[in-house]
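Enquirer: Sequence:
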Amino acid sequence: MHSTIVRGQNVFGFFTTVCFAVAALIAASDLLAPRTPRATVAANAVQVVKGRPHYYSTKKEEYAIIRFTMNADFSSLFTWNTKQVFVYVSASWPNSTSSELTNEAVIWDTIITNPSADHLQNIGPAAMKKGRIDLKNVKPKYQITAPSGKLQETDDVVLKVHYNVQPWVGILTWTPQIEFGKWKKLKGGMSKAFKIPAIKKKDTPKKA
787 MHSTIVRGQN VFGFFTTVCF AVAALIAASD LLAPRTPRAT VAANAVQVVK GRPHYYSTKK
847 EEYAIIRFTM NADFSSLFTW NTKQVFVYVS ASWPNSTSSE LTNEAVIWDT IITNPSADHL
907 QNIGPAAMKK GRIDLKNVKP KYQITAPSGK LQETDDVVLK VHYNVQPWVG ILTWTPQIEF
967 GKWKKLKGGM SKAFKIPAIK KKDTPKKA
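Residue numbering for the sequence shown is 787 to 994, as defined by the numbering used here.
Keep in mind the hints are simulated off the structure, nothing from the lab.
Be aware that a few hints might be false.
[As the list claims (entries may be wrong)] Label-pair restraints from in silico Cβ distances: (1) 886 / 918: 52 to 62 Å; (2) 922 / 983: 19 to 29 Å; (3) 986 / 920: 44 to 54 Å; (4) 790 / 820: 42 to 52 Å; (5) 954 / 983: 40 to 50 Å; (6) 962 / 794: 24 to 34 Å.
[Unchecked claim] Calculated pairs, PhoX-like style, for lysine-lysine (alpha carbon to alpha carbon, straight line, at most 20 Å): (7) 836 / 978; (8) 970 / 946; (9) 978 / 946; (10) 986 / 946; (11) 925 / 973; (12) 970 / 846; (13) 925 / 946; (14) 936 / 986; (15) 971 / 946; (16) 986 / 836; (17) 968 / 978; (18) 946 / 846; (19) 936 / 971; (20) 925 / 978; (21) 836 / 981; (22) 922 / 836; (23) 925 / 836; (24) 925 / 986; (25) 946 / 845; (26) 936 / 981; (27) 978 / 922; (28) 946 / 973; (29) 946 / 927.
Beta carbons are placed, not taken as given, at the ideal position from N, Cα and C, and that holds for glycine.
Generate the whole structure from the sequences, applying the supplied hints.
Expert: Structure (structure tokens):
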């Protein structure tokens with residue numbers, strides 16, 4: 787006969803095996819739900835300032851403030867296994883020292899929770915619009931700087947929209963670079979290239 791401890795271990799082992807199998811099925815079910823996100827983003831106004839972008843900066847450097855407009859629909863990313871979606875916008879531009887490298891910095895981000903996660907389903911239809919973002923000429927949360935400390939008159943800057951899906955069970959998934967089954971690549975999500983202007987100099991009074 788098995789002792790009570792051995793029987794308890796067998797029951798616990800069987801229980802964890804069943805839990806793992808159920809969790810694997812739940813995670814795999816995400817592959818059956820189509821993902822068809824789309825987004826448009828455009829830069830509205832760009833300003834370059836020279837100073838300390840953060841209170842902990844030890845020296846003055848050039849940093850850019852990029853106001854932008856974004857319209858996105860991430861509602862297809864929300865399934866019964868989606869806990870929340872992390873969305874962020876980045877600015878990228880060619881590296882001045884190497885043609886193979888690209889500078890990239892995040893200028894804005896947000897977290898969209900599932901209506902079932904924050905109990906908004908009972909509020910009304912407005913709560914079910916989760917996953918849709920409509921921003922017009924908003925100020926960025928973060929300023930961008932360059933490793934060289936210089937940003938003015940930088941060419942070929944583009945804004946990109948990214949997302950990260952956090953499920954209740956399973957692995958994190960990021961913005962796909964290729965299409966996989968019913969998961970489609972983000973449609974749009976990149977702005978037209980623009981140029982960061984020079985620092986606006988203050989007008990000096992003319993001598994009489």
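Enquirer: Indicate, hint by hint, whether the structure satisfies it.
Expert: Hints versus structure:
Residue 886 and residue 918 have their C-beta atoms about 37 Å apart, which leaves the hinted 52 to 62 Å range violated. Take residue 922 and residue 983: their Cβ atoms lie about 21 Å apart, and the range 19 to 29 Å holds. In this structure the supplied range 44 to 54 Å is violated for residue 986 paired with residue 920, their Cβ-Cβ distance being about 30 Å. As the Cβ distance of residue 790 to residue 820 is approximately 50 Å, the hint placing it in 42 to 52 Å holds.
The hint said 40 to 50 Å for the Cβ distance between residue 954 and residue 983, and at roughly 46 Å that hint holds. Take residue 962 and residue 794: their Cβ atoms lie about 44 Å apart, and the range 24 to 34 Å is violated. Restraint check for residue 836 and residue 978: the C-alpha separation of about 25 Å exceeds 20 Å, so the hint is violated. Taking the CA atoms of residue 970 and residue 946, the gap is about 17 Å. The hint holds against a cut of 20 Å.
Our distance criterion of 20 Å between C-alpha atoms is met by residue 978 and residue 946, whose separation comes to about 10 Å. Our distance criterion of 20 Å between C-alpha atoms is broken by residue 986 and residue 946, whose separation comes to about 26 Å. Using a Cα cut-off of 20 Å, the hinted pair residue 925 and residue 973 is violated, with the two alpha carbons roughly 24 Å apart. Straight-line distance between C-alpha atoms of residue 970 and residue 846 comes to about 43 Å, which puts the hinted pair past the 20 Å bound.
The suggested pairing of residue 925 with residue 946 holds, with an alpha-carbon distance near 16 Å, which does not exceed 20 Å. Taking the CA atoms of residue 936 and residue 986, the gap is about 14 Å. The hint holds against a cut of 20 Å. A hinted pair counts as satisfied when its Cα atoms are at most 20 Å apart, and residue 971 with residue 946 qualifies at roughly 13 Å. For the hint linking residue 986 to residue 836, the alpha-carbon distance of about 10 Å falls within 20 Å, and the restraint holds.
Only pairs whose Cα atoms come within 20 Å are accepted, and residue 968 paired with residue 978 is rejected, the gap being roughly 28 Å. Distance check on the hinted pair: residue 946 and residue 846 sit about 27 Å apart at the alpha-carbon level, beyond 20 Å; violated. Between residue 936 and residue 971, the direct Cα distance comes to roughly 34 Å. Violation of the 20 Å bound is thereby established for this hinted pair. This hinted pair checks out: residue 925 and residue 978 have alpha carbons roughly 18 Å apart, not beyond 20 Å.
Of the supplied pair hints, the one linking residue 836 and residue 981 holds, its CA atoms being roughly 17 Å apart against a limit of 20 Å. The hinted pair formed by residue 922 and residue 836 fails the criterion: a straight-line CA distance of about 26 Å is larger than 20 Å. Taking the CA atoms of residue 925 and residue 836, the gap is about 18 Å. The hint holds against a cut of 20 Å. Proximity of residue 925 to residue 986 is assessed by CA-CA distance (about 19 Å); at most 20 Å being required, the pair is judged to hold.
A distance of roughly 29 Å separates the Cα atoms of residue 946 and residue 845; the hinted pair therefore is violated under the 20 Å criterion. Distance restraint check for residue 936 and residue 981: the Cα-Cα separation of roughly 14 Å lies within the 20 Å cut-off, and the hinted pair is therefore satisfied. A hinted pair counts as satisfied when its Cα atoms are at most 20 Å apart, and residue 978 with residue 922 qualifies at roughly 17 Å. Using a Cα cut-off of 20 Å, the hinted pair residue 946 and residue 973 holds, with the two alpha carbons roughly 11 Å apart.
In summary, the hint linking residue 946 to residue 927 is supported, as the alpha carbons are separated by about 15 Å, within the 20 Å threshold.
Checked against the numbered hints given earlier, this structure breaks hints 1, 3, 6, 7, 10, 11, 12, 17, 18, 19, 22 and 25; the rest are met.
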